[in-house]
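There are 2 protein chains.
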Amino acid sequence: MTERSHPAVTVDGLVLVDRKLVAIRRRNDPFRGMPALPGGFVELGETTPEAVVREVREETGLETRVVRLVGVFSDPGRDPRGHTVTIAYALEAIGGRLHAGSDASEIVLVDPDEPPKMAFDHNDIVRRWRGP
Amino acid sequence: MTERSHPAVTVDGLVLVDRKLVAIRRRNDPFRGMPALPGGFVELGETTPEAVVREVREETGLETRVVRLVGVFSDPGRDPRGHTVTIAYALEAIGGRLHAGSDASEIVLVDPDEPPKMAFDHNDIVRRWRGP
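These protein sequences, in sequence, are chains A and B. All the letters of the first sequence, read from the start, carry residue numbers 1 to 132 under my numbering. All the letters of the second sequence, read from the start, carry residue numbers 1 to 132 under my numbering.
Since the hints were derived computationally from the structure, they do not count as laboratory data. Bear in mind that the values here come from a model prediction, so they are computed numbers and not experimental data. Accuracy of the hints is not assured; some may be wrong.
To be verified - Among the chain A residues that face chain B by a calculated CB cut under 7 Å, a handful are: (1) His6; (2) Pro7; (3) Ala8; (4) Val9; (5) Gly40; (6) Phe41; (7) Val42; (8) Thr48; (9) Val66; (10) Val72.
Quick reminder that beta carbons are idealized off the backbone N, C-alpha and C, glycines included.
Just chain A, same shape as in the assembly (with noise of 0.2 Å):
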């Protein structure tokens, strides 16, 4: 991550499989070894629901829609490389097939009920999408 004077933005995605959430075991640093929702930074030029729907099949393999809008999490520690914020949709898989991408080790799916520690806040964006 370079310099920069603002918060960069990310998207996170939550999809069920199997009534199971959909992450990747992190390959690297940080939060190596832990499972993280799939998701990446937004680029020039797309939506932030493209670019949800761009990192899940990138990262899962998945072919996905987005159903709503899960929260906007930006507190400037979540990320230990720099200050991002990012906005968490719940999408629905399509089709495609699950694999793990490039930026992942492997597929982990994740009891929505009991999820394990994950990387990031993802525990908190997990808690959000469940609801009260």
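Go by the hints and put chain B onto chain A.
Below, chain B alone, put in the same frame as chain A:
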């Protein structure tokens, strides 16, 4: 706005005073002379709710608190100067006194039921805030 490889994050605030939405008449291009919701860039180290409260204070003089997230607006063409992703919040006024800040030539109170043509995609944001 400097060259960027990723979109920047901004915030916009919807605050009612006397049942009217608080807007500012833009002093500068783009959209010079048109009403716009108060808002601006998120700074490093602040959350998006903190950013919108700060921008509303700087541009309108009002002290506010966030009531709810209205939506995320990320169309690449929404700002002709470059791609920004804006996060819109509904706020309630809790103090201060309305006066135009440095980015605004004057405060405009907008009828939320019949808003004038506004800058950027702010009519879309007002529509989303009003709901279906």
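Go through the hint on threonine 48 of chain A and say holds or violated, using the shortest Cβ distance to chain B against 7 Å.
With a minimum Cβ separation of about 4 Å from chain B (threshold 7 Å), the hint on threonine 48 of chain A holds.
So, as I understand it, the hint says alanine 8 of chain A touches chain B; can you test that by seeing if any CB pair is closer than 7 Å?
5 Å, holds
When the least beta-carbon distance from valine 42 of chain A to chain B is tested against 7 Å, hint result
5 Å, holds
Tell me if glycine 40 of chain A is really an interface residue toward chain B, meaning its C-beta lies closer than 7 Å to one of theirs.
11 Å, violated
Can the hint on phenylalanine 41 of chain A be confirmed by a CB-to-CB distance to chain B that is less than 7 Å?
6 Å, holds
Does valine 66 of chain A hold up as a contact with chain B if the rule is Cβ-Cβ below 7 Å?
11 Å, violated
Would the stated hint for valine 72 of chain A survive a check requiring a Cβ distance to chain B of less than 7 Å?
5 Å, holds
Using 7 Å as the Cβ threshold, decide whether histidine 6 of chain A counts as touching chain B.
5 Å, holds
Let's test the interface hint: is any C-beta of chain B closer than 7 Å to that of valine 9 of chain A?
5 Å, holds
Are proline 7 of chain A and chain B close enough, Cβ to Cβ, to be under 7 Å, as the hint says?
5 Å, holds
The structure is inconsistent with the numbered hints 5, 9, although it conforms to all the rest.
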